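Protein chains: 2
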Amino acid sequence: MKRNIYLRTIPIEEALARVKAVLDRKALLGVERIGADRAAGRITAEPVIARYSSPTFHSAAMDGIAVRAADTFMAREGSPVRLTPEKGFVFVNTGHPLPSAFDAVVMIENVVMDGEAATIEAPVAPFAHVRRIGEDIVATEMVLPRHRRISPYDVGALLSCGAFEISVYERVRMRVIPTGDEVMDFTARPTPGPGQVVESNSMLLAALADEWGMNCLRVPPVPDDPEALARALEEGLDSDAHIVVMVAGSSAGSKDFTKSTIAKFGEVLVHGVAAMPGKPSLLGVARGKLIVGAPGYPVSSVVCFERLLYPLACWLTRSEPRTRQTIAATLARSVPSRIGMTDFLRLSVGQVGSSYVALPLSRGAGSISSMTKAQAVTQLPPEAEGLESGTVVAAELLVDAGELARTLVCVGSHDNTLDILADMLMRRDPSMRLVSSHVGSMGGLIALKNGSAMLAGSHLFDPDTRDFNFPFLAKYLPGLDVLVVNLAIREQGLIVAPGNPKGIVGVADLARDGVRYINRQRGAGTRILFDHHLALAGLAPDRILGYEREEHTHMAVAVNVKTGAADCGLGVYAAAKALGLDFVPLARERYDLVIPEALRDDPKIEAVISVIAGEAFKEQVRALGGYGTDWSGRVMHPGMGLPGEE
Amino acid sequence: MKRNIYLRTIPIEEALARVKAVLDRKALLGVERIGADRAAGRITAEPVIARYSSPTFHSAAMDGIAVRAADTFMAREGSPVRLTPEKGFVFVNTGHPLPSAFDAVVMIENVVMDGEAATIEAPVAPFAHVRRIGEDIVATEMVLPRHRRISPYDVGALLSCGAFEISVYERVRMRVIPTGDEVMDFTARPTPGPGQVVESNSMLLAALADEWGMNCLRVPPVPDDPEALARALEEGLDSDAHIVVMVAGSSAGSKDFTKSTIAKFGEVLVHGVAAMPGKPSLLGVARGKLIVGAPGYPVSSVVCFERLLYPLACWLTRSEPRTRQTIAATLARSVPSRIGMTDFLRLSVGQVGSSYVALPLSRGAGSISSMTKAQAVTQLPPEAEGLESGTVVAAELLVDAGELARTLVCVGSHDNTLDILADMLMRRDPSMRLVSSHVGSMGGLIALKNGSAMLAGSHLFDPDTRDFNFPFLAKYLPGLDVLVVNLAIREQGLIVAPGNPKGIVGVADLARDGVRYINRQRGAGTRILFDHHLALAGLAPDRILGYEREEHTHMAVAVNVKTGAADCGLGVYAAAKALGLDFVPLARERYDLVIPEALRDDPKIEAVISVIAGEAFKEQVRALGGYGTDWSGRVMHPGMGLPGEE
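Read top to bottom, the protein sequences are chains A and B. Okay, so the first sequence: first residue is 1 according to UniProt numbering, each after it adds one. Okay, so the second sequence: first residue is 1 according to UniProt numbering, each after it adds one.
To be clear, the hints were calculated from the coordinates, so they are not data collected in a lab. The structure presented is a predicted model; accordingly, all values stated were derived computationally and were not measured. Even for Gly, the Cβ is constructed at its ideal location relative to N, Cα and C. Please note: incorrect hints may appear among the correct ones.
[Said to hold, decoys possible] 20 Å max Cα-Cα, derived SDA-like pairs, lysine to any residue:
#1 B:Lys-373 <-> A:Ile-49
#2 A:Lys-26 <-> B:Ser-431
#3 B:Lys-20 <-> A:Arg-428
#4 B:Lys-255 <-> A:Pro-97
#5 B:Lys-255 <-> A:Glu-86
#6 B:Lys-373 <-> A:Glu-141
#7 B:Lys-502 <-> B:Gly-580
#8 A:Lys-20 <-> A:Gly-272
#9 A:Lys-373 <-> A:Met-426
#10 A:Lys-373 <-> B:Arg-51
#11 A:Lys-20 <-> B:Lys-264
#12 B:Lys-577 <-> A:Ile-49
#13 B:Lys-577 <-> A:Met-426
#14 A:Lys-87 <-> A:Gly-115
#15 B:Lys-255 <-> A:Val-90
#16 A:Lys-26 <-> A:Ser-319
#17 A:Lys-20 <-> A:Arg-318
#18 B:Lys-502 <-> B:Lys-475
#19 B:Lys-373 <-> B:Gln-351
#20 B:Lys-289 <-> B:Leu-16
#21 B:Lys-373 <-> A:Thr-140
#22 B:Lys-255 <-> A:Pro-85
#23 A:Lys-255 <-> B:Pro-85
#24 B:Lys-264 <-> B:Ser-239
[To be verified] Sample of chain B residues with no beta-carbon within 10 Å of chain A, all distances over it, derived:
#25 Ser-260
#26 Ser-354
#27 Leu-539
Bound conformation, chain A alone (with noise of 0.2 Å):
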């Protein structure tokens, strides 16, 4: 069986210097001549000049009385000069010519009229309120320079001073080729089977490519055939583009031919980065032409394009990358590293009080749903072995950043109501965007703690004083003063297979031979939950086949039911609905959202307040089964329970 060996992963900046020193830009990318109108966005390839002085003539830069200076000088307080129609003044408009017999202008405010005759109590000096020949721009001037991105404002400095048409390079034109025996063309908006994906990254790098200034082809998917994909890349080679770009099969398994069929045409220059995600990445030239083999996964693929092709774009068309605004975040999370690679982490920032914090989102290249959740991305450094909780970060926004402010941080338990409030809070005007992060109620309240969320979800249940939340309040966030709004009554059960073929009524069952139990992380309060009612029964953890397996939300759960991963696993009534799943009821609780007192009063938490307060929350609670929401909205207090059980 052939594998491909990978070539030296190296880094990032050495890849870039290895194609500039082979490419020859200056014979791939033309230049071309182009309306000013139409040329935002472009980048000019030689200076260009003013035709015309902008303005070509004196005018009155006021509306007002165009006058001869010279007459106005004995103009005074109580003694005004009187200046007669047409041959002492004539009115006129801001913009307008000014009269050859005049060189100046008086504001309209400071005239008052005498019949025809215009008084004024003050003079005047030559040229006063006179837009002069020239005065913004002057023929033969330099109006922009080389290689400059042009701006909607240039376009108006090119059309006044006669600069019609002029000189750019082309638009960096790149063919994407998606490849894979088990991708589906979107176009046909299949139904995937097993082993099939839709293939998504093509228009991913498209738009990405529309995003940043360049054209984009899309061809449809090529299977792993080593002809298909030779003739693909070479129509792609003999077509007008400059970048032909190879979507998946640059790793080194079995079937991944794009370095054999770059090699075929033209030299491989590079055969991995040292960057987490976006290793396998492939550049290489072939006639002239830049070949880019980008990974099958989809952030891998975004890093790709990023961080490899769209710098060498910017080459092509003697540009300087654009750069994200940059802000400093303080981790809310120990993240881990490798070292000798750039880590490419994904971030959900929010801006608590003053600073903003940032919550790591998931690591796996896979994750596209990372990427849409992101508000920001750091790189951690190929000498960093990890970060710390606590560390600063340099956090390259993907969002506005006004958005950071909009931004309401949550961690803690996972619940699908949760999804319900940030959709209202998004129709709000201004619109509010909740971030939520799932590590649990235990970690929710660490994170009040450490200041690194504005509000936290937790249903933590303790079994000696049969009350929710305040007895671990008081435990771990003693001297914070909070605030505890209920969000929802919700039930909590034992989710099964449709038909529950194993036939599970409770605990006791998961203890049975052949029950295959999946498990939620530590310090969730689900899992705190489950951990009682096993003391309940009499059954120590061990006895649990899969209780160490964990996830970290109720849909996951649910997902490794749905997929015969697993048995049974505990969980909210919503959660097996949505997947169609059994579910067995095993307690009511109480979810509660724990706000600092210090935050009471932002607008942002009254706006989440006032939501779960409202019909229209409830309504739409309740809809989605196993939540009751005679509480939502209500502020609790120590001993309080549940509802019906006070």
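Position chain B relative to chain A; hints supplied.
Quick look at chain B alone, frame taken from chain A:
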């Protein structure tokens, strides 16, 4: 003569609120279903739900072999487990389905082949290196919230979970109608005569609309004729546009018909906002559409678009206006401001050391070049009477933040060769931007002293020592260690109309009756040179008609002569030549760059010195005429004077 009377100018926020109170956005802007593949940049009209999980099957997360975890539990270093092909393992590549008999993957690096069999020396856990169904996205999950601006990443997520078609708000369609008797349609590539201007605002607005995600249709200019204007507006109201913009005619002059035209069809809500530029902006509503009267001056038009039209367009699509990155920058010069008005001040910004310095640019609403030269804009609040030099302002960046670090701030005397230097710096890789502010030689030295410039252009002549710059450095910059590098030797002379109609051959001729002089500003080396020559000729300044009229650059002086606003001015030969004027040589002088020693090793400064010393620069400078380059790039020392006069 009929004149409109301004409505009271109102704050921008109030203007926006008036429109929001009247306009029915739900009726105006529809929702459409579009393919997710081309949805980047659009705004979701409802939450998007995942149709499929991603992935839809268990798959290998690594290249390696698929195994049963239970088979590996006994594997230890030195005591390997041996697996037979097909029954015990199969090879798998990243992303490929996990065969149903297996539940874990061993990375290829940890497999040793022994003939056909695979041996491993460590156990793996169930589902190790397996991407489980729904690991990224779970079917039924909300993938994107409502009112979300769709990113390229979102496109990938939407396609991969089967959300092929989604509901988004329509793109806002804007129709722009340029107006005015004096404007010429740029599409004809006209040559403007006296009283004419090339109409550019419509395309400036169209380019801004495009940048901010709107569609824009521009129609040909309409003359200042009430009936033609009404017809054009009615066509706009009948079209599919959501917003109709009439450019110019929004003020209160006798030919400003925009207000009355809007009133024919609907209601004028706002006439005049408390903003400079931008004051004569109009907002109205007719037939359920928004009508904007944009001022005719280009910078006013920009303010009207960015602060009124764009926020309203965002409100239509339920999105938040995008904000620009804001940095703290120190004003290098005091600026006055009008109480009661928000003043949008354009700034040239550069990084000096670790902080930013902002140089205020031309304030004129007609100066589109102030926008092309600006790296930032700052708002002076209505309550400010002005800001002192040294004040730290919040500067909204118009350029990429990365560009500021590549920007060299040069403050001081103006010289045409600085354009050549700027062009050559822009051509380097990485490119560098030279921002020069023309405040005269003395102003440059003061900027160095205040740390608000990286280099200063200076050509100060000291008659006592017959040396340049050093006597002034000793006096004004004591204790600051500087490097002085010659840029060029240049010829200064009297710039006169072609054919020298007034027969000016020397400074003495300027005292003659009817000779109008145009002077340079106080602190300019050229003014000091002029004063020196006046003294040599035994003339007092009050003998010179126009001595008090000041311009800030050689080109502006030449324009005054060119247009007949003055008969003579002192300046460099290149300025006279550029405008086809005659030149009476007066003196040679040394134009040097003064650079703090502390910055000597800055790569940008090194680049400047290397460019100036290069033959390519010198050739271009000599081609301007009136320049010598014998000493260009050489380090100057006290007492050197001029080449050939040592």
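For each hint, the structure was consulted:
{"no.": "1", "hint": "B:Lys-373 <-> A:Ile-49", "in the structure": "holds, 15 Å"}
{"no.": "2", "hint": "A:Lys-26 <-> B:Ser-431", "in the structure": "holds, 17 Å"}
{"no.": "3", "hint": "B:Lys-20 <-> A:Arg-428", "in the structure": "holds, 15 Å"}
{"no.": "4", "hint": "B:Lys-255 <-> A:Pro-97", "in the structure": "holds, 14 Å"}
{"no.": "5", "hint": "B:Lys-255 <-> A:Glu-86", "in the structure": "holds, 18 Å"}
{"no.": "6", "hint": "B:Lys-373 <-> A:Glu-141", "in the structure": "holds, 13 Å"}
{"no.": "7", "hint": "B:Lys-502 <-> B:Gly-580", "in the structure": "holds, 17 Å"}
{"no.": "8", "hint": "A:Lys-20 <-> A:Gly-272", "in the structure": "holds, 17 Å"}
{"no.": "9", "hint": "A:Lys-373 <-> A:Met-426", "in the structure": "holds, 14 Å"}
{"no.": "10", "hint": "A:Lys-373 <-> B:Arg-51", "in the structure": "holds, 18 Å"}
{"no.": "11", "hint": "A:Lys-20 <-> B:Lys-264", "in the structure": "violated, 62 Å"}
{"no.": "12", "hint": "B:Lys-577 <-> A:Ile-49", "in the structure": "holds, 15 Å"}
{"no.": "13", "hint": "B:Lys-577 <-> A:Met-426", "in the structure": "violated, 62 Å"}
{"no.": "14", "hint": "A:Lys-87 <-> A:Gly-115", "in the structure": "holds, 15 Å"}
{"no.": "15", "hint": "B:Lys-255 <-> A:Val-90", "in the structure": "holds, 14 Å"}
{"no.": "16", "hint": "A:Lys-26 <-> A:Ser-319", "in the structure": "holds, 14 Å"}
{"no.": "17", "hint": "A:Lys-20 <-> A:Arg-318", "in the structure": "holds, 12 Å"}
{"no.": "18", "hint": "B:Lys-502 <-> B:Lys-475", "in the structure": "violated, 40 Å"}
{"no.": "19", "hint": "B:Lys-373 <-> B:Gln-351", "in the structure": "holds, 16 Å"}
{"no.": "20", "hint": "B:Lys-289 <-> B:Leu-16", "in the structure": "holds, 15 Å"}
{"no.": "21", "hint": "B:Lys-373 <-> A:Thr-140", "in the structure": "holds, 17 Å"}
{"no.": "22", "hint": "B:Lys-255 <-> A:Pro-85", "in the structure": "holds, 19 Å"}
{"no.": "23", "hint": "A:Lys-255 <-> B:Pro-85", "in the structure": "holds, 19 Å"}
{"no.": "24", "hint": "B:Lys-264 <-> B:Ser-239", "in the structure": "holds, 17 Å"}
{"no.": "25", "hint": "Ser-260", "in the structure": "holds, 15 Å"}
{"no.": "26", "hint": "Ser-354", "in the structure": "holds, 14 Å"}
{"no.": "27", "hint": "Leu-539", "in the structure": "holds, 22 Å"}
Violated hints, in rising order: 11, 13, 18; the structure is consistent with all others.
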